Structure formats: structure tokens, C-alpha cells
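Residues per chain, in single letters:
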Amino acid sequence: MTIKPNRRQVLQGAAAVAGTAVFAPAIHANPAPIKLGTLASLEGPLAINGQDAYRVVELLLEEANYTAGGRKIEWIRESSNAKPDVALARTRKLVEQDGSDIVLGPLSGAEGIAVRDYSRTVPTKTFINGSSASQDNTLRNSSENYFRFSTDGTQWTAGLGEYAKNTLKIDEVTVVASDYAFPYSQVFGFSLEYTRAGGKLNYLWTPFGTSDYTSLIAQIPKSSGALYVVYGGSDGLAFLTQYAQAGGSLPLLGGTLLADQTLFAARGPHRKVLEGTVSAGPIGDYYENDVWKDFLARYTKRWSKDIGQQTPGTLAFAYSVNLQATLLALKAVDGDLSNDQAAFREALKKLEFKNYIDAHVKLDHNRQAISDNFLNKVEVRDGRLQTVVFKKIPSVNQTLGFPEDKYIALGAPSRNNPGNVQI
Amino acid sequence: MTLEMFATVALNGLTVAALYFIVAIGFSLIFGLMRTVNMAHGTLFLVGAYAGVAVFYPLYDQGFSYAWIVALAAGIAGAAVFGVLLQVTLLGWMQGQELRQTLVTIGISIIAADQLLAIFGGNSQQFFPPDALFGSVSVPLVQTGHYSTFRLFQIAVAAAVGVGLWLILHKTKLGIIVRAGVDDRAMLSACGVNVALVSVLVFAIGAALAGLAGVVGGTAQPFGQEKDVQFLLTSLVVVIVGGMGSLPGTALGALLVGMAEQFGQSLFPTYSVMFTLLLMVIVLAIRPQGLLGKRLT
Amino acid sequence: MSTGNALRSSSALVTVSVLAVLVALPFVLTEFWTTNILVRAMVYGIVALSLTFLAYYGGLLSLAQMVVAGVAGYTIAVSVPGAIPENSLQIPYSLAIPLAVVLATVSGLLIGAIAVRTREIYLLMITLAIAVSFYFFVQANVEYLNGYEGIRNVLGPDIFGVPLRTPYVFYFVALATSFALYALVLYVSGSQFGLVLQGIRDNPRRLSALGYNVAHHRIAAFGVAGFIAGIGGVLITIYNIGISPGTVSTHSTISILIMSVIGGLGHPIGAFIGAVIFTIIDTFAADLYDRDRFNTLIGVVFLAIVVASPDGVTGLAKRAGDLLRGLRLIAPGAVAADPTLQANVPSKD
Amino acid sequence: MLSVRDLRVSFGHAEILQGVSLDVGDEPFAVAGRNGMGKTTLCYAIMGMVPVQSGGVVFDGASIEGKSPTRVSRSGIAIVPQGRRVFPSLTVDEHLRLVSRGKNAAWSIERVYDTFPRLAERKGNGGSQLSGGEQQMLAISRALLLNPKLIIMDEPSEGLAPVLVDHLIEVLKKLANEKIGLLLVEQNLRVATSVASNVAIMLSGRIAATVPASQLSADEALQRRYLGVSTGSH
Amino acid sequence: MTSRLPAIELSKVSRRFGALKAVDDVTLSVAEGERRVILGPNGAGKTTLFNVVCGDYAPTSGRIAFFGQDITALPPYARARRGIGRTYQNSLLFNGLDVLENLYLAVRGVKPRRFSFLRPSRDDPHVKAARDIADRMRLSHKLHVTVDDLSHGQRRQLEVGMALASDPKLLMLDEPAAGLSPGDRPELLRLLRELPRSLTLILIEHDMDIALPVADLVTLMKDGSVVIESTPDKVEHDPAVQAIYLGEAV
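Residue numbers (this note's numbering), protein chains in the order written: chain Z, 1 to 423; chain X, 1 to 297; chain H, 1 to 349; chain C, 1 to 234; chain U, 1 to 250.
Here chain Z stands alone, though its shape is the one from the complex (with noise of 0.2 Å):
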């Protein structure tokens, strides 16, 4: 281990560089590399997901060569598990020992917000989302150098609610979910658009981590016309096993990691309940569409060998939006990280972009993306299952269309508030 320079010699050092910057404007000429440290969890529970997002990740720094705006990439990763405190010390890791200059992730909720609390305090830096999709990272006490340019777990609910009382026409809907703030998320969101479709909720809700749903499946009311199922990976598949172990028919509305790749690479009888299932997210697996259909094909190119995986799962995807947005305004700005990177967090602002599955992407006043989402359907494609794109709902912003203020004054979702009122 050596000892390396304190922040303090580091950022006289910059200033310095800052310093002569202006009778040398060739900042090009600085050989130092940037410093992308990235972070996601590669233990825990959503170790999984962190391994499908490095993946990604390690793609597209691949086709750019390590080089952004003309600077090479020094990558740096690190992992946590899923929990704030370790992903909070892995981020102070990574930038005052390693000194990176930009960090992407984290990649779950509540590691966001103590990430987002943490760059508050170390303003000249700048940090960017990994998968991170609790709403608060960026909707209540955003930071000004915390950066998102995937959708939030609510904007990924867009368009579910009134597809499944105005086209499906079920009247009544029970939700089950997890018990923490990602499924608050995505629950709130669907109630929200239910509720002002007309429909009617009923609400179970399990700890987080439980794996036996027998006695929750008992308690599932016989007048509901659906399930929305809000788990992901292990709870998602032990609770669709035991509802299908237990006979349960109800047509599924999935919440997004219900429907996603990281689930439908395990076999196993939760398959047959999950064909037909409906749900939204920012992605699809299958989708008629150019761009995305290359970028699949080069991730299967990549990684097919290594994993029985077409398609990256919608956290990896939420990786390499933030990831292409990094490299985007890197290249904008000629690799200049100059002045506390003001010039570089000035071209994240202003960035307008297509993402991999083609989708616009730009940034609020809270520097949170604006995107488009998708509906989905679980089906049968190619011999093996596949979310399949029906419905692209363009331009979901934070609110989900409602009005800001009204949004946020019907507080943070949980338990206690899942959303189902009217605006």
C-alpha cells in the first residue's frame, strides 16, 4: 500500500493545472488519464445484477477504447453489498484514496441516497447514478453534483395502471410487494395512475427477504382481478414458485424487476405463471428497433459465451444510460475536468441524447433524467422467455405528469402512502 497524496496536494496540483490552462489551452496535452471509479454490488443479494451491470460497463469502455474527449479512462472498480454504509465507505474509497474524478453507481436505492448525501460533500467531483432508482436521489434534497440519467422505480410504472383498467379492463387489483422503498416506488406510481383510471387496490406487503409467500397467497382476495407483483430477483422467484406451486390463475401485472432477464435466466415452474405477464420498464427484452437490436447483438457478442444471458437486465441497462451519458459530455467537453469539472457537470446538464433502446433521454432542473418507458409483455420468443415491447409511453417525467408540487406534497411513498389517491 503506498501513501499517496492528501486531497489537499492533489487539488493545489489541479489548480496549478487550472492555473497555466490559460497560457496553454491545450489541455490535451495533460497525459494523466481520468479516474471513472465505478461502484455496484458484487455480494449480497443483487450481486447478480452488479456482475450484469460490470458487464455492460466493461462493453462500452471497450468500444470507446478507454478514451473520452480525447483522454484515456483509468477504471476503477469497487463493489459493496447492496448495504449504504459499505457502499458509502467503497465511495469515500474511491475518491479520496484512489482519486477518482467521476464515480458511476450505485446500483440500489438506499445506497444512492447515502452516495448522494456523500457528494454533497465533495463538491468537485461529480458523481452519476449507477441503477440506483429510489426517487429521492434526485426528486426531494437533490445535490448539485449528483447526476441521473436513468429513469427513477416510479417513471418505470408509466402507463401500466391505465393499460390494465382502460385496455385490460380489470377493476380491482391487489398488490404484493416488498416491504422497503424500492417497491414504495414503483407501488406508488402504479396506484397513482389505478386509482385515476377508476380501479380499486387491496395491499400486501412482505419483509423483505421472506421466502415463504404460501401463507401471504392465502390472503389474496378472492374479488381481485389481478396480481401486481412488485418482488425482485430471490423474493420474485420464490414467490411466483409458490404461487404456482399453490394453483394461483390471476393474470400478473409485473413490476420491472419482476419481468427482467436476471429472472428469466432461472428455471424453473415460476415460467408458466410469468408468460403473459404484463409489465413497464425502461427497457424490453424484444423490441423492433435498430439501434437497440445492435446494441443486444454486441452485447451477446461480448458476453453470450460467458452467460446463458441475451439481454442485460434493467439495472445494467440503467448502467450504461449513465455510463454513455458520462463519455457523451466527457467528449464534450475535450476531456476538460478542469475548474472543479464546472464545464463538464455544464455539458451533463445540457445533454440530449438516444439511449441504447433508442429512447430520448434529458435532464430536469433536478438533474434527473426524462425518458421514455416502455410496456411489456412476457412471451415466448426465440425458444426462451422475453419481456416483448407493445407500447413505448414517451417522455415520462419524475411526476409522472402530474404537477410537481402536488407530487411532492403527497409525500414520500411507503407503506402508509402507496399512492392510491387522486390529484
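Careful: at least some of the hints might be erroneous.
Dumping the calculated BS3-like pairs for lysine-lysine here, alpha-carbon to alpha-carbon at most 25 Å [what the hints assert, rightly or not]:
#1 Lys-293(Z) to Lys-305(Z)
#2 Lys-171(X) to Lys-123(C)
#3 Lys-362(Z) to Lys-293(Z)
#4 Lys-171(X) to Lys-103(C)
#5 Lys-173(X) to Lys-174(C)
Hint data in this document are derived by calculation from the structure and do not stem from the laboratory.
Quick caveat, the model's predicted, so the values are computed rather than measured.
Given chain Z, put chains X, H, C and U in place with the hints provided.
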């Protein structure tokens, strides 16, 4: 709570208890003979499950109809081999140093969990049972009128394990040796019995049961990261409640924990874990050695 | 009276010099090393100290110390202004911190009361069960503890108008607290209570025959450990700018155990030595070994210590220094627990 | 058959055996002494149940000191330990099946039941449900079924009613006739002198004297000096 | 011997372990200031009797009175506080603490305010008492040596010293000479003889050179029961006693 609801939750409790019994009995057995608190018991569960998965999918993909049975055998064997290695390389020679053994098994569980993640990835996995056990059968009184076949099968497995172990312990020479070893290892050794070898054998059986639980449990619920901790906790609470090293005690403990958990979950979903803890605290206050455990002296 | 096995007069000089080095360190090291290695090691080391205190002086190996720290952490998190989600108490740090420490002490006493009739491995199992249950509890409690997300933005108080979170301020506060608690442990070890505690460790039956209520002293030991861990919990929460179930997860519980064991349960200083080693490995494992596999690395180090030197790094040092004591794991109880040895002691009546 | 040379055993700082030497031949050999003199430790040390500090134990020409109890047992020595140490969770019958060497061995389960009819009656009872005398019979039977060349018996008469002591003496004499070696540790002088031809007297971890049994039973002063309720042993 | 309340009085006390009657219907009374020696072969139940009196085991049946007060249900520490002190066959000492600390704990245990987070001061009277005991036990030169580093004989001395340190009314010594070298034994005898006459003493001892000279009365136990109670003189010359002790039929 309606009668239907009550019946359903009670049956859920029973089926969960069956799984918990299979998981905890190996832990209890190993403790009974060797006073080894095997903190890697949850790891053995995972090792069994992953060993099963390693053979299950290739066979299943070829349409082999007995894939699940082969996976079961592989799970049992995989966990048993792992357990034997643990006993032979590390635990055997520190016999009697209980705390040190406990710490060693904690170390092993940290390493093994990470290596399993490296080898098998973080994705949750699951077995699907043979067709005969898939789906549900008609059961009167329960909420929907039918109940998951495999969960009922769990009860049969637990009963078979319980009865089988009882027969081994009480009707075979090995059983006599094991029970004698629980009473007085040194005297057993002085009777010409190779106690170290018996320890390895018992460890193998205990680990094999964890492996069995891995495949059975991995069919009822998906398994993956952090399941080792969850099932270790289950084993701990079951034997603390029921009594360490006691077969009927483990059965009773599993039943109480399963019921407490399921009724807790349906009555107070967010605090269900507190029911289990409360159960443990009450038992500890009344009988520190567990309901059917031998007195600690 | 001597102070048992703790601070001998010859080591006073060592203590002073080590302290001097620690005071000078932040002026030499980078800020990252100061805050992210040393401060982190100290705040977690305090919780490890509470474990070592119980294990070495009381022969009680408890895995519930992170629970106690968590009680303190959550107490300030749900009561101070500024915390998110906002709470209805809004009491200042000057009240919240003492309240947190009191509640931690009480919960320590409670855990002691639950576990008082059990020892050694039974105690280990029961405290682990308590720890895991507590983790699931805080994760499930949404109304007050905000469930899985936990409570954020616990920034800490100002010290003479300077925010505690200012790196150097936090370093010296953590150092002073660590040292004070370390000194407290050493003092208590030589006190009437500390001697009784060591008597319980060595021979509870005899102690009872001398007129002491063993159960009360054991519970009190958990109370003292709870006080120490509670202070650790307050600092950990401020260090992490909040608290979440992850703070009290099995992972953290085992991490505290690893710190204590690596450092050595044979002396209170082992807690801090272990914490520093653990923190360094935890932080830099990604640079030393395969990036994704640092749990394997920490596990191997832990296992190696348990197998090779059951009394940890301090034990190694002690053995190198003098060969007064033979192999001693945690407390002399380990040998007494050997069933073959028990069978050996001729019982004549 | 068994030769013990300068055997030393310590627990911590307490030197329990301070150099014991003795020889057991075909004739039964007894060790007597008051409590706390190290007799039980001597038995365990020969059996490998306590660590030996120094000295040698040779049995049937092979050195057995430092061997595990399993190995010592398999070399042909069985022990009837002090306090009997029967297994509380095993029934009488299970005890016997545990160590039985089959029907054709010199000592079989049937023969044990013939010799100790009381045990046959209590076949299904657990070890903890037996009276002291029954436990003693069981412990002796357990040793016999191993069909050893030598049995070490540590206070077999302890806790036995006088009638049973007579029965015990008969059994021990029979063993001698069957050429099973016997190292008998006894406080009960009548048992020791009736069965053994020579008696070693232990005093504070050493053999103070070895005398023919006949001489010891005749010499009351000697008895009282080393074994009885009397002052003036040093 | 005084005619006041007996120091310790056992009425029909039994203690079973499973089917085994370790102590069987023992009735026994020891007067204040008396020296009583308990003899008996192995397994006679002597140590179990001690354990029942000091509270380690509750009796299965029967009643124990200490100076007339029923103590049958009291925990060991409460009995110690009333004035029962004892030693153990195998020294039960605090191995990690030094001699002075061991003695200090013994002095302090029966005194009020035993629960204190303060360190004893240099002139603490209890520390002084502990030093005095160390003097009496000839251990002054070992005050700061941990028990782990004491010789066996020194441990036995400390064992007795700790029982004396609490200034008990009833002192029960379980084989104090066990493991002592012949040279150490006269020292033990001297110590026992020097004990104040007000102290009631019950002694289990197999070394007759120590047991008999000290005893006022001898109780002979066998198979958990009291067989004979008599003076040492008579016991020594009673063939029946010798017979029992040497294992002859009664």
C-alpha cells in the same frame, strides 16, 4: 381468523416445520455427539443445493426424468463429502476446544459462501420437482381447497428422516455407539471403539442431512446468497427451543418455530420474526437447556 | 493490588508513546487514511472492545454487541433533527446521545438477562440468534425505523461550533473516546467488579461459594459492555451519516467478531489492533487480491488466525515477548471444556 | 503380561503419579491405598485416558504408553473404571451389544446373563435407572465381553452390598482361573487379599510397598498404617 | 462443646442422581466450635454431602439448618454470606488472578457493598485482611504471582486461605491434604490446630495423621449413609470401624 384461514396457516406451519426439522436435525446430531457448534451448517445446506444443481440442469435439459432424484443424491453426497473434509482437516484435531471449533466453522462459512458465489453466480436457483410432486392436490378445509403437493411431500420426507434416524440410533450398532459417545466419549474409546472415526461418520450423516435439506428446500423455495445465514439461524433457534442433541426435541422445536413463524406472518406480517425470537427467549427463561434437552451442568 | 493481566507499569511508557504517535498520525497520513481507515477502525473497534471485554474478563463470547450498538445508533437516528425521514422527537444531540447510551446499556442488560444462564457455545448461539432477529426486526419495522432503507442524514453534533464530521475533529473525538473507553476497561478490570468478573470467568462455582451472586455480575458485565458498544454505535451512526439494517446485519456482527479474534481476545487492545487490520484488508482487498473475492481473503485470514494463533495478533506478540502463558483461547474455559480432560480428573466421591 | 516402569503423571502443578513401577503377571495383582493416592490416575494412565508425562507401559511385549484408549483396548486391556461410567442412555442389553464379540467368543452376551442373572432381568432398563450394584455388574460385563487378556478394575466393590461383594469375589476368582489377567485397584482389603496374590500399597503417588496378600491380611498393623483409620503412617 | 443451637444440622437429607443415592437419609448435627471429621471409602457420599450443605446441589429431600435457621432453599452465595466457607478437593481457584486478588475476592464476598466499580485503595481494610490471610498461609512472598504459576502445595494453601478469608462460622475442608507432599503435611496440621476454637470445622480427610489429631468427633459414612459417629480414640480402636474402612462386611 376464519377456520379456513387457520387450517391453511397451520398446514403451512407444519410444512415449514418439516423443512426446518430436516435442516436442523443434522446440526443437532453433530452437536450431540461432538459438542461441535457447526456454524457452517447453513453452508452445508448451500453446498448440497449447489451440488444438486450442478447435475440437475444438464440432466433435466436432456429430458432425463429422474433428474431430481439424481440431484438429491448429488446434494446429499456433496454435502457429506464437504462435511467429512471439514471434520478431517480442521475440526477433528481440535476436538474438545468448542469455541475454537465454532470460530473455525464461522471462517469456513465466510470463505465457502464467497466461493459458491464465485462458482455458481449470484442468481437464485431452484429445482423443479418431478411431475408427480408438482402442482397441488385436493385438501379439505384449506383456503383454496387444494394444497401444494411438494409441500406435503416435505412432511413425508421429514417423517422419513425422523423415523429413519430414530431407527438408526436405537436399532443399529452404529446408533448404540453414537448414543454412548454422546454420554461418555472417553469411556467409549476405552471400549475399543474408534471414536474419531465415529465422529467423521456422524459428521458425514449430519452434513448429508443438510445436503438433503438443501435439495428439498431448494425445490420448495429458491436458494442463493444469504440462504446459508437464514438456515443457520433456523437451525440455531430450533435446537435452542427444542433442546440440543435431542431428536424429539428438534422435531418439537421445528414445529414450534414453524408455527410461530407462519401464524406470526399472517397475523403481524412485519413483526413475524419477533415471534420466533420471543419463543426462544421464553424457552430460555424457563428451560435454558431447551424443552426436551438434557440439563446443562 | 495489581490489575490482573492488564496494564503493568512497564507498559505505561508504551501506552504514552503509542498515544503520542496516534495524535501525530493525522498530520502525516492522507485524509483518506485518517478518516476512512483510522476513524472507521476506531468506531468499530469500540464495539469490538465491548466484545473483547466480555470475552476476556467475563469468559462471555457475545455476538449481540452490534445489536447494542444498533440500539444506540437507531436511538439517535430516530430522535435528532435533520434525520431523514423526519422524526417527531427532534431532541438535540446533547440529549439524544446520553439517551442512546442509556438505552444501549439497558439493552445490554436485557441481553445479559436473557443469556445469563448459558455459557460459551450456547451463549454464542443465543446471541447470534438475537443478532439475526434484531436485523430482521429493524428491516421489517417501517413505521419507526424506516425498514430496509434505514435512517439517513444523521450528521452529528457540533463540537465548540465545529461540526463533528469535520475530518480532524472526528478523528480526535474518536481517538479520545476510544482511549477513554480503553482506559475504562483497564480500570474496571482491576476494580472490585472486574476482579469478580474474572473470578466468574475462571470459576463461577467458587465465586458463588464466596458470597457473590454470579448471575447479577454477569448481567452487569453485559451492561458495561452495552455502555461501551452504545458509544460505539453512536459514533458509527454519525460516521456513516445514518443507520440502516445493513449496519446491524450478520455481516457486521461477524465482522466485529473477526476484528476481535484477529486482534486477539487476550487483551483489550486487541480489539483496536484487529479493527485496524480488518479495515485495511476490507478497504484494500480489492487491490491485493481478486477484486470480487475479498470475503474469501478476510475469511482465510480469520481462519488462519484461529487455527495458528487462537489468541490473535496480540497473542502472537505476547508469546514472542514472554512465554509465561501457554496457548489460551479466549478464556481458560476452553481447556476445562475438553471432555477428554474432564474425564481425566479423578473424581473421588 | 503388563509392566509399568517409573510412570509419572501431572495435572498442572500437581504431580499425581510420582514414578510408579509394577508388574502384573498371570496371577491377579492388587493395588491398595487410601483415597487420593493416585490409584485411579494409575488406571487411566495405563488405559491411555490421561496423558502420561514420562515412563513406560509395556503390555504383551509391546509398548502402549501414549496410545489412544481405542488402541490400548484393542491390544487386549479392558477397564472397569471407578464410578462405573456406564452409559446413561443405553439399556443393559445395548451396553452388551456395543462390546459383544459374537456368540463364539469366550465371553458372550448369553454367558454374561448366566453369570449375572440380575442383568438379564433388567435387560431393557437404561444405565441411569440401575442401582449401584447393577451398574457395577454391567461395567464388569462390559469389560468381559471385550474378551480382554487383562482387565483393570478400579474399586469394583465400591457401593456394593456385602452379599454382592462376595459374589464379586467369586467372579474375580473365576476370571483368574480363565487366565484373564487382573489389575485390581481396591480400598476393600478383603476383596484385594481374597483375589490377588500380591498387593501393592500406594501412598502419595508412589508404591510404598508390595507384599504377598497372605502377609497383608495377617498383619493388622500394616493394614492400619497404610489403609485404615490410624495415625502414624509417616 | 456448648449446648446451644448446633452450628449445622441436617435432618433426613438425601440426594439422588438418577437411581443412585449419593447421600441417603443423613441426619447429622455439628455443635458450634466442634471439629468433625468425616471418613469413608470412595463413593461414600462425603463430597456430595458438602455440596448439599454449601448449596451447590439442592437436597432431593430433607432439611438443613444453620444455627437454627432453615437454609435448605438458599443459593450458595446466600449461604456463604451467612458464614459457610469451604474448600474443594480439586482446588477451585481463579487461575488468571494473582494470590492477593484471589484472597481479596474471598474477603470481600461476604461483606456488604461487594458490587463496586471502583478499585480498592492501597489502604483498603479488605486488602489488608487479604494480606493478613496470606501471611497466615505463608504466601506473603507470592502475593503477585498468578495462580497458574503456583506450585500444587501453594494452591492447596491458597485454597484453605480463601475459605478462611471470609471469616466463616462454619468451615468445611474437603481433603485439604490431597496432593500435598509429606513435608507440607505437618504445616497443614499446625494450621488446623491454630484455628480459633469458636470456628466450627468439618473435615474430609484420608490422611489420618491430620484427620484424627484434629477431630473432636468422627463420622463414618458408607454408601451415602452415616454408619458410625464416635470419638477419634474409639474409632481408631474399634474393629468394626476398621472393618468398614477396609471393606469388611459389617
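Outcome of the hint check:
1. At roughly 18 Å between alpha-carbon atoms, Lys-293(Z) and Lys-305(Z) fall within 25 Å of each other, so this suggested pair holds.
2. Restraint check for Lys-171(X) and Lys-123(C): satisfied, since their Cα atoms lie roughly 15 Å apart, inside the 25 Å limit.
3. Using a Cα cut-off of 25 Å, the hinted pair Lys-362(Z) and Lys-293(Z) holds, with the two alpha carbons roughly 22 Å apart.
4. Restraint check: the Cα-Cα separation between Lys-171(X) and Lys-103(C) comes to about 19 Å, which is no more than 25 Å; the hinted pair holds.
5. Distance restraint check for Lys-173(X) and Lys-174(C): the Cα-Cα separation of roughly 30 Å exceeds the 25 Å cut-off, and the hinted pair is therefore not satisfied.
Comparing the model with each numbered hint stated earlier shows that hint 5 is the single one that does not hold.
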